[in-house]
Amino acid sequence: MYSVTYWKPLTKLQAMQKITTLLIALLFISCSGLTDKNISELHISSLLCENQDNPNHIDQASPRLSWQMSSEKKGQSQTAYRILVASSPDLLTEKKADLWDSGKIMSPASVFIPYNGRELKSGQKYYFTVKVWDKDGIPSEYAKPAFWEMALLNKEDWQAKWISAPRVFDWGKRDAAIKRAPQDSPAPQDPLPLFRKSFVIDKKVKSAKAYISGLGFFELYANGEKIGDHILSPAFTDYSKTVLYEVLDLTTYLKHGENALGVMLGNGWYNQVSNDVWSFSRAPWIADPTVLCQLEIEFTDGSKQQVLSDESWKCAPGPIMFSSIRLGETYDATNETEGWNQPGFNQQGWQEVRVVRGPEGKLKAQNIPPVKIMDELNPKNITRIGKNTFIVDFGQNMSGFIKLTASGEKGRKISFRYAEKLTPDGKLDQANIANLVGNSRFQTDEYIFKGGGTEEWHPRFSYNGFRYVEVSGWEGPLNEGNLTACFIHTGFKTTGKFKCSLPLLNRIQENTLWSFESNFVNIPTDCPQREKNGWTGDAQLASETGLFNYNMLTSYEKWVNDIIDAQKPDGILPGIVPTSGWGFHWGNGPAWDCALLQIPWNLYLYEGDRRIIANAYPSIKKYLEFLSTKSEKGIVKWGLGDWCPARAKTPAELTSTAYYYQDLLIASKMAALLGAPEEQSAFLAKAAEIKTAFNREFFAPQSGELINPTQTALGCALFMQIADSSKTKRLAAELKEAVTTSDYNLDFGILGAKYVPNALSAYGYKDVAFSIINTTRYPGWGNWVERGATTLWEDWDGKSSLNHIMFGDVSAWFYKNLAGISPDEKSPGFKHFNIEPYFAPGLKWVKGVKGTRYGDIDVYWSKSGKEINLKLKIPVNTTASVLLPPGNLLIDGKIPEAGKEGIIQFEFIKKKNKLELGSGTYNIRL
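For the sequence shown, full-length UniProt numbering gives the first residue as 1, with consecutive numbering after it.
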């Protein structure tokens, strides 16, 4: 069936109405076209203040603002910007700024723009937005506003007092207590304290923020609810120099009428009780756990109220009977006090607090992401090894602790011991990790049931390195639902990705990430079990891996400040940071100390951060003055060398001298950036002296050959560019021969692990570098994988720690070589960058993503027969130099032509296709 519609003639009025409607529509379309042409299609996103999204704890007087842009067009960039900062979002809606209007600034800068408006005040919230002009000078829309909140900027802003609990046991001076403890036992300690304060609110709350530092670690509660998901806060520092506090939002937790704050404290690093070789139990800051809390409440009528830690607070012993960062935690649930952190609680029997002096360090807002439970893993296998004893295998080495979900009779104690491996007969083996802590208890948590139903618990103020857990004292069967493993680390964002067609390389990458994350719990550590120390050498060697894979800016900035705090007046640096005072006489040296220079320089290269250089520069000068006293005729015969080598030992004076040379070169570049040309010249002159001495000392005068040509020595001379240029070609060939003639067996330690692959790659032997990584032969990263490793190990044999990051530069090598992504020193922060993938034999495809301040760099290549397909994504407001092998090249199916579709330049130079590309996505066929 068909439906027929008959047309009826329009009346004159109807015809005029239709014509009018059509004219209005045409006019609207025309005007819309004019509007679109005057508004750029550039979209602004990711407004950040000090590298953070809507932060509430900024303590910089002139915070730095950044943003990202996206566009469908190729070759898009910013030519100007305008920033508006206001005290309310309503003003920004009207495009008004009562604090700062930058005006139109002709600049491509979109990263780290310093605020330059009216003075900012403590505790205030500020809103900002930005518009930009694109490459054609067309303005964008204003971005959706973001905000930041200031922390407490002045010492006078603090009205709260440090408070502690009265001591249950009077042990007199702490040193005496430790001396009285048996050699293999921790010093006695009081149960960890609980604090509470009740207060009344009789108005409607607009905002409520708690400025709080609880040392060693704390948990804050409001009306019975835990605030935030952070753990092990605040971050570890030298408390005699710097003390960090957090800013926590309590707005939604408070109510009309009576309210209650509760604080639980842990010992952490502030009150260390283990007898370890690094003397943290005798650190200069050691004291009883203490808290400083200042709650600032603002009401909708504009009035304010403060709740301050002071003499009015009450305290009582809590259920944590023992807590040590290395030894573990004992939690007695029978000692829990129901309602202790809630309103209406009967405080009878609670004690007066002690007002104490508190730590000597300067209070600073914690700007690094807090430590969190980042993942939970279920058991892979549970084995009964005794009547009430089980071994639980979680299948993955990690940092963290277990979470218990179970019921038990009141008073029953369950013990959990953690380790990375088992003995041949299947029992827990702590021998490789417990040898430097002189206590019978190590990595052991205990829980005592309160009875009466299902109980859930995990340690609060301690963590472990482990894959296996021994559970003892358990009644009945142990099921998968009773235990999970909580994987913890500093909560930085993952911004990078590397993956390829070879499972072995993917597993090496995964193992490296597990080790990096396990070894960043507030500070970069060597291992999460035996030491938990901030070894400077390990951190500097892995810093490029960190910057390729994660947003590490604030975490590294904080730790560089820790290094500055640790420096002695004469300029010497310790091997671990923070330190109790240990590590100045052993465990340091140029290869370790260079963290003070290398990490700020890497932050400049990878993030474009100049401020960290300015902050560190005075300490760098002081250190180089000290290092000059260790130089004898240009040779530094001091410091640790190529740690944990496979076989051959390289003289430490060779690597120490090379690091001295590198330090001087980095310092000269920093001096140039900071406008100190005389200091730049002095550093360069000294570097020339050291280079001459190195070539005189370590090369035979007649033959010009390296006297002790280990793989590490050859790699060092090349990687550090300290060998005379006339020698480099021969040295590179010699290094290649040293590797290939030994059947591609590597023979180096942690320094050589960075030098050798990178030196081979830089001097034309990427195939050799690839071969020593892509193998399961002993020794090597792949050999660890073949032997069941899920993290990187401390040594090639696997006799020591099984979770170390010091061999972790291999991940950075993947990004720089297989994906081909590297920063450009002349345009740091990936404003301009290089892409030169190595299309390795045996690899079918590679995917590499590097997050930057401007957006993601995305490289994906694959092989199809003799053809290579390469897809690139270049962020808006950046450019890239792309180097590819010779061959016919098509971009998006066309022969590339400079000046069109984002292609800035195209040439064939030094037997390579060289492209200069603007932003956008490109499909390249070679």
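Some clues are possibly wrong.
As the list claims (entries may be wrong) - Cross-link-like lysine-lysine pairs, in silico, DSS-like; alpha carbons within 30 Å at most:
(1) K900 <-> K914
(2) K427 <-> K410
(3) K637 <-> K73
Since the hints were derived computationally from the structure, they do not count as laboratory data. Given the structure is predicted, the values throughout are model-derived calculations rather than measurements.
Structure-based check of each hint:
Proximity of K900 to K914 is assessed by CA-CA distance (about 16 Å); at most 30 Å being required, the pair is judged to hold. Restraint check for K427 and K410: the C-alpha separation of about 28 Å stays at or below 30 Å, so the hint holds. With a C-alpha separation of about 57 Å, the suggested pair K637 and K73 falls outside the 30 Å cut-off, and the hint is violated.
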